[in-house]
Amino acid sequence: MKEFVLRFAVTLCIIISGQALNAQEKQSSRFHPGETFSPLLFSANTSELRSASGKPAPGYWQNRADYRIDVKLDTSLARIEGMAMIHYINNSPDKLEFLWLNLDQNFRKKNSRDAAARFSMYTNEGDLFSNGVIIDTIFVQFNNKTYTPSYIVNDTRLQLRLPFSLPARGGKIDVHIKYSFDIVPTKIGSKMGITETRSGKIFQIAQWYPRMAVYDDLEGWNISPYIYGSEFYLDYGDIDFNITVPANMIVTASGELLNKTEVLSGELIKKLKSAELSDSTIIITRPSMKLANNPGKFKTWKFRCINARDVAWAASAAFIWDAARINLPGGKKAVAMSFYPEECSEVWQRSTSMIKYSVELFSVYLNYPYTYPTAGNVAGMINGMEYPGIVFCNKEMGAEDLFSLVAHEFGHNWFPIIVGSNEKKYAWMDEGLTRFFEKLAVSEYGNKKPKQDSISSWEIRTLFNNNDNVNGGLMNWPSISSDSYNKTAMGLSLLRNVILGSDRFQYAMQQYVNNWAFKHPSPYDFFNSISDAAGEDLDWFWRSLFFNDWKLDQEVYSIEYTDTTDYSKG
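40 is the number of the first residue of the sequence shown in our numbering; add one for each residue after it.
Hints in this document: simulated from the structure, not taken from any laboratory. Given the structure is predicted, the values throughout are model-derived calculations rather than measurements. Honestly, I wouldn't trust all of these hints.
Stated by the list, open to error - Beta-carbon label-pair distances, calculated as ranges:
1. THR601 <-> TRP100: 52 to 62 Å
2. PRO132 <-> ASN182: 13 to 23 Å
3. ALA155 <-> PRO132: 30 to 40 Å
4. SER115 <-> THR339: 11 to 21 Å
5. TYR190 <-> LYS111: 22 to 32 Å
6. ALA556 <-> LYS372: 14 to 24 Å
7. GLY540 <-> SER77: 20 to 30 Å
8. VAL403 <-> GLU594: 40 to 50 Å
9. ARG208 <-> PHE137: 11 to 21 Å
10. ALA207 <-> GLY305: 50 to 60 Å
11. MET124 <-> TRP579: 47 to 57 Å
12. LYS372 <-> SER77: 43 to 53 Å
13. THR300 <-> GLY437: 36 to 46 Å
14. GLU594 <-> LYS372: 52 to 62 Å
Stated by the list, open to error - Here are the simulated PhoX-like pairs of lysine-lysine, each with C-alpha atoms no more than 20 Å apart in a straight line:
15. LYS372 <-> LYS312
16. LYS329 <-> LYS312
17. LYS312 <-> LYS111
18. LYS217 <-> LYS184
Where is the CB? At the ideal position from N, CA and C, for every residue including glycine.
Could you build all of it, start to finish, from the sequences and the hints given here?
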């Protein structure tokens, strides 16, 4: 602890002394000593649904959306054509006269809000536009009757206007939508797209079906449009999906592959079973190997993902596929898998061991085992994006950067995939927590001395910059990076190492995850849960870190060398 405080002080002095002149020219500190320790009155944000202890109260509810999806990938046209059936359950106390759905691919349309917001970026990239989601038909089934409701599409949202009210507390409806959209090449920060490799194209597919918006107790319908760089807020359910692709392609996806014998040869199934029992990585197949005994022209891969808020998938004939066993608490098992082209195999042959390490570490630390049967990493041009049971990472990364990214993206399987916060509005609730656990994984990897006990100059600048408070729903990348990721992670490091100590911090995080697994916590639920489990009034900490951007009001008179081996000398 003394060593941490000493290094913190030295680092702080160096940075402040180097920036003192500029700091004096800027606005004076907005720090208000009298406000620091006044109560935040989080109880004002509690109710019969959300308790002051940070737990879901007995009256807590959330809606549910189960999906059945059938799609075909047309590789020549780069197009998805599909049919989705959504079984939606209204558990709220309110009747619903209309439903809102997300059509994220509409952000690629020329008249989208995203295009208007980023017009200059699109000026020379006309080929990156598309027609968005083309709706062929929509009908609903309710009380054994079929209706064709009216609907409107507004940017990336679809409002379905029901000819009846969906009853409260258990009303059920089936929504059927036939749709299609074109896949845009991966050239700008998309979360999906196409990557060219020497052995063929890699299709990384996400945001690929109409998804229900969330109706909750805090805001009713959450209908903010999808804009470049923003994330998602989705309800949970079981998702069954079938993907038809050319027969020479491998498909990997969220959840469990249900029809191995139809799409894989006996030899590959045998190798996969061996990998499920092996702590070492085993190659399942390469591009030159035969996939199935009777390939035909097309194959349909069938998957199921249980208790998920979303699913994603990837397909390619260029994949090397390898796998190994993940050992989870309580004797549970999962399978780590990586899919990558031959040209990046030197680094990516370590990907599966990185997945295995990260998932095992987080499962133990958070006392909540990884929930999906597989954990897959797909190489492509996506810089890093998480979905239940599958992540997309950049194929060009070096080993050290790849491990950091793997740890970060699989950390997201707890935040926000298991703990379903509103990442559209409060990015820090998943990105900040995940950045903290990414740093923890990197520091522990190879039994190195934990970096959680050291502070970088970048982290110091993050804490003392002039950005607004982190709860502001920031959407542009620089603000998300400095506030939502690093400021939050740095604050959690201070909470762990200086304020609570590692044991109380870890226990409090475990309680938060277990309290809100597969539910929708608000920021106040997080604050209350951590404070309650730690047994500490942390109002002053939450206020300083999340509600204000106060700066330290201090001056450096001198810097002197001290013997760091003898703390009695200062």
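Hints, one by one, checked against the model:
no.: 1; hint: THR601 <-> TRP100: 52 to 62 Å; in the structure: holds (57 Å)
no.: 2; hint: PRO132 <-> ASN182: 13 to 23 Å; in the structure: holds (20 Å)
no.: 3; hint: ALA155 <-> PRO132: 30 to 40 Å; in the structure: holds (37 Å)
no.: 4; hint: SER115 <-> THR339: 11 to 21 Å; in the structure: holds (18 Å)
no.: 5; hint: TYR190 <-> LYS111: 22 to 32 Å; in the structure: holds (24 Å)
no.: 6; hint: ALA556 <-> LYS372: 14 to 24 Å; in the structure: holds (20 Å)
no.: 7; hint: GLY540 <-> SER77: 20 to 30 Å; in the structure: holds (25 Å)
no.: 8; hint: VAL403 <-> GLU594: 40 to 50 Å; in the structure: holds (45 Å)
no.: 9; hint: ARG208 <-> PHE137: 11 to 21 Å; in the structure: holds (18 Å)
no.: 10; hint: ALA207 <-> GLY305: 50 to 60 Å; in the structure: holds (52 Å)
no.: 11; hint: MET124 <-> TRP579: 47 to 57 Å; in the structure: holds (50 Å)
no.: 12; hint: LYS372 <-> SER77: 43 to 53 Å; in the structure: holds (50 Å)
no.: 13; hint: THR300 <-> GLY437: 36 to 46 Å; in the structure: holds (39 Å)
no.: 14; hint: GLU594 <-> LYS372: 52 to 62 Å; in the structure: holds (57 Å)
no.: 15; hint: LYS372 <-> LYS312; in the structure: holds (13 Å)
no.: 16; hint: LYS329 <-> LYS312; in the structure: holds (17 Å)
no.: 17; hint: LYS312 <-> LYS111; in the structure: violated (28 Å)
no.: 18; hint: LYS217 <-> LYS184; in the structure: holds (19 Å)
Of the numbered hints stated above, the single one contradicted by the structure is hint 17.
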